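**Student:** Read off the chains here:
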Amino acid sequence: MECVGLHYRPAGGNRAGHEVLRDLSFDIPEGGFRWLLGPSGAGKTSLLRLLHLAIRPTSGRLTVMDTEVGDAGRRALPALRRRIGMVFQDFRLLPHLSAYDNVALPLRIAGRPEGQIRADVTETMRWVALDKKAKSRPAELSGGEQQRVAIARAVVGRPVLLLADEPTGNLDDIQAERLMVMLTELNRLGTTVIVATHNDALVTRHPGPALRLNNGRLLASG
Amino acid sequence: MARNLLRPARFDDLGLRRALGDRMLLLLVAAMAFLAALALAGVVGVRALAAHWQEGAGSALTVQVPRPADQEGGQTRIARVLAVLHDIPGVASARKLSQTELAELLRPWLSDGAELMAIRLPAVIAVRLAAGAPNPEQLGARLAAAVPGTLTESHGMWVQRLSLLAGSLQACAWLALAVVAAVAAAVVAIATRAGLAARREAIEIVHGLGATDGYIADRFASRATGLAAIGGGLGALAALPVLLVLARLAAPFAAARPEAAADASGLAMLAALPPPLWLTLPVLPLAAAAIGFLTAQVTVRRWLRRLP
Ligand SMILES: Nc1ncnc2c1ncn2[C@@H]1O[C@H](COP(=O)(O)OP(=O)(O)O)[C@@H](O)[C@H]1O
Ligand SMILES: [Mg+2]
Chain D
1 MECVGLHYRP AGGNRAGHEV LRDLSFDIPE GGFRWLLGPS GAGKTSLLRL LHLAIRPTSG
61 RLTVMDTEVG DAGRRALPAL RRRIGMVFQD FRLLPHLSAY DNVALPLRIA GRPEGQIRAD
121 VTETMRWVAL DKKAKSRPAE LSGGEQQRVA IARAVVGRPV LLLADEPTGN LDDIQAERLM
181 VMLTELNRLG TTVIVATHND ALVTRHPGPA LRLNNGRLLA SG
Chain E
1 MARNLLRPAR FDDLGLRRAL GDRMLLLLVA AMAFLAALAL AGVVGVRALA AHWQEGAGSA
61 LTVQVPRPAD QEGGQTRIAR VLAVLHDIPG VASARKLSQT ELAELLRPWL SDGAELMAIR
121 LPAVIAVRLA AGAPNPEQLG ARLAAAVPGT LTESHGMWVQ RLSLLAGSLQ ACAWLALAVV
181 AAVAAAVVAI ATRAGLAARR EAIEIVHGLG ATDGYIADRF ASRATGLAAI GGGLGALAAL
241 PVLLVLARLA APFAAARPEA AADASGLAML AALPPPLWLT LPVLPLAAAA IGFLTAQVTV
301 RRWLRRLP
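Chains as they are written, first to last, in my numbering: chain D, 1 to 222; chain E, 1 to 308.
Just chain D, same shape as in the assembly (with noise of 0.2 angstroms):
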C-alpha cells in the first residue's frame, strides 16, 4: 500500500454533519506498520473504514494503494477491496455460515479454484488454533474464537495492506501474544499493517510508529 497523503476534512458518515474526523494527513510507506491509538470515540474505526473504502471521505483527497479514491469509480474498489483485510471491531461474520466458511468467502469471492482455498483456509484456521472448530457456526464459538475467525478471514487472502480494529479486545494475553507475532510476522513479509487498540499494555511490549487520534484530529503520527 501507499497510503500517500491521507488529508481530508470533516469525515465519516455522520449524518448529523458533525465533523468525526478533521483535517488528517498522513502517508504510510508501503509494507509499514502503525499503531492507531486514541481514546474510545477518537475516529479510529471511521478512519478504518476509509481506509477499507467502506465509506468515502466528504472532503480532502485519500490515496489508498496508488488509487487517489475520491476519482475512482464505483467498478474501480471492489478489485481494490479483495486486497484489503479488515478485522472488525464487532467481527461482522456471517451467521449461518461455520467458521469455515466465512474464512473461504473472501476466496470464493476473488473467485479462486476450490482446491485452492480448501489449501488456504485449512492452513489459516490452524495458524489461529481454531481448525478443530472449522464446522460451527459463529454463535457456537466464544467471542475469542469469533474474533480469531475474523482474524483468519481477513488475512487469509494475503492481503496488501490489512486493518485491525481492537482485535485483542477479546482475546486473552498469550493469545494476544500470539496475534501480535502473526502479525509482526505478515509485516515482515510485506503487508502493511495499521492496528487500532487502547491496549497500552500491548503498545508497550510491542513499540512502534503511532498515528494518535483524539476527537477526531490526528496529534501525532510517525
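No lab work stands behind these hints, which were simulated from the structure alone. A quick note: this is a predicted structure, and the numbers were derived from the prediction, not measured. C-beta: ideal position from N, C-alpha, C; glycine also. It is possible that some hints are incorrect.
Short, incomplete list of chain E residues facing chain D, as computed with Cβ under 10 angstroms [claimed, not checked]:
no.	residue
1	D13
2	L14
3	D22
4	A202
5	E204
6	G208
7	L209
8	A211
9	T212
10	D213
11	W303
12	L304
13	R305
Dock chain E with the ligands against chain D, hints included.
**Tutor:** Chain E with the ligands only, in chain D's frame:
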C-alpha cells in the same frame, strides 16, 4: 466458468435460501403463469377460429334469383343462372338450396309457416369459389346482366366484421399477457427488495470483502430465476386441464379434427390442443425465468448503488 463449477453447489453466502420468500413468490408466479396460459389460449384460439371462418366464408357467395321458374330465353331463370355460373372459371360449386334448406334458413324470421304462406320465395344458390374466380362484384354484374333481378351477396362483409372482432379479442389477450408479465416483474421486484432488506447486513459484509455488484446480483438473480421457472412450470401445468376442456369445447367449431372431438380418451384430448399452444406452453416457464432474472438483476444493481 470451470472453477465456478468447483464451488460447492449449496454454498449460500448471502443466506438467500431463507431470505427470499420462496413459497409466496412461487405461488404468485404460478398464478401469473396460469393467467398467461389462459390469455395465450385466447390468442391462439381466436386466431384459429378467425382463420377458419375466413377460409370458409371468404370464398362463399349466395345468389338470389327472384321468380326462378319464369321462362327467359327458352330456359327457366334459375337454370340460366346455374348455366352461367358453371361457365365461369373459378367457381368450385354452385348448388341450389332445396325448399327445406331454405325454410330452415328462414325459420327464425318466418317460423314454420314459410311454405304455407305461399310467399313467392326467390331461389337461393350457394356458390363456392376456388382460386382464379372473378371478384364477387364482377360475378354479380355478369349474373345480373344474364338474368335481370339476380342478387349476389358476398359474405365478405361478415368476414370483415368477424375479423375485426377477432382482431380486437386478440389485442385484448395480448394486452392481458403484457399486464400479467408486468405484474410478475413487480412481484419479483418486491420479493427481491424484501430479500435485500432482510439480508442487508450479509450483503454489506460481502460487499466489504470486495464482492462486485455483479457477484451479489447474480446470487439473487439465480435464485429468482429458479423460483420463477418452477412457478411458471407449475402455472402452465395447472392451466393444462382448463385448456384441454376449452379445446374440446371449441373443437366442433374449428372442426379441424372431428375424430378427436368424438374420441374422449386422454391421448385424443391431448391431441385436441392446437399445436401453437403446445409450442407456447413450454415457453411460459422460460419467460417467467427471464422475467425473474432480469427483474432481480435490475433491482439488486439499483439497490447496491447506495453502497460505496
Ligand atoms: N455511522 C456513524 N454515524 C454517525 N456517527 C458515527 C458513526 N460511526 C461513528 N460515529 C461517531 O464518530 C465518532 C468516532 O467514532 P469511532 O470512529 O467509532 O471511534 P473509535 O473507534 O475511536 O472509538 C463517535 O463520536 C461516534 O459517535
Ligand atoms: Mg472503534
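**Student:** Compare the structure with each hint and give your call.
**Tutor:** Evaluated hints:
1. D13: Nearest chain D Cβ about 6 angstroms off; hint holds.
2. L14: With a minimum Cβ separation of about 8 angstroms from chain D (threshold 10 angstroms), the hint on L14(E) holds.
3. D22: violated (16 angstroms)
4. A202: The hint holds - A202(E) has a Cβ within 10 angstroms of chain D, the shortest such distance being about 6 angstroms.
5. E204: Since the shortest Cβ distance to chain D is 8 angstroms, the answer is holds.
6. G208: Constraint on G208(E) satisfied, holds at 6 angstroms.
7. L209: At 5 angstroms from the nearest chain D Cβ, L209(E) passes the 10 angstroms test, so the hint holds.
8. A211: holds (5 angstroms)
9. T212: holds (5 angstroms)
10. D213: Hint on D213(E): holds, closest Cβ of chain D at ~8 angstroms, below 10 angstroms.
11. W303: violated (13 angstroms)
12. L304: At 9 angstroms from the nearest chain D Cβ, L304(E) passes the 10 angstroms test, so the hint holds.
13. R305: Result: holds, 7 angstroms to nearest chain D Cβ.
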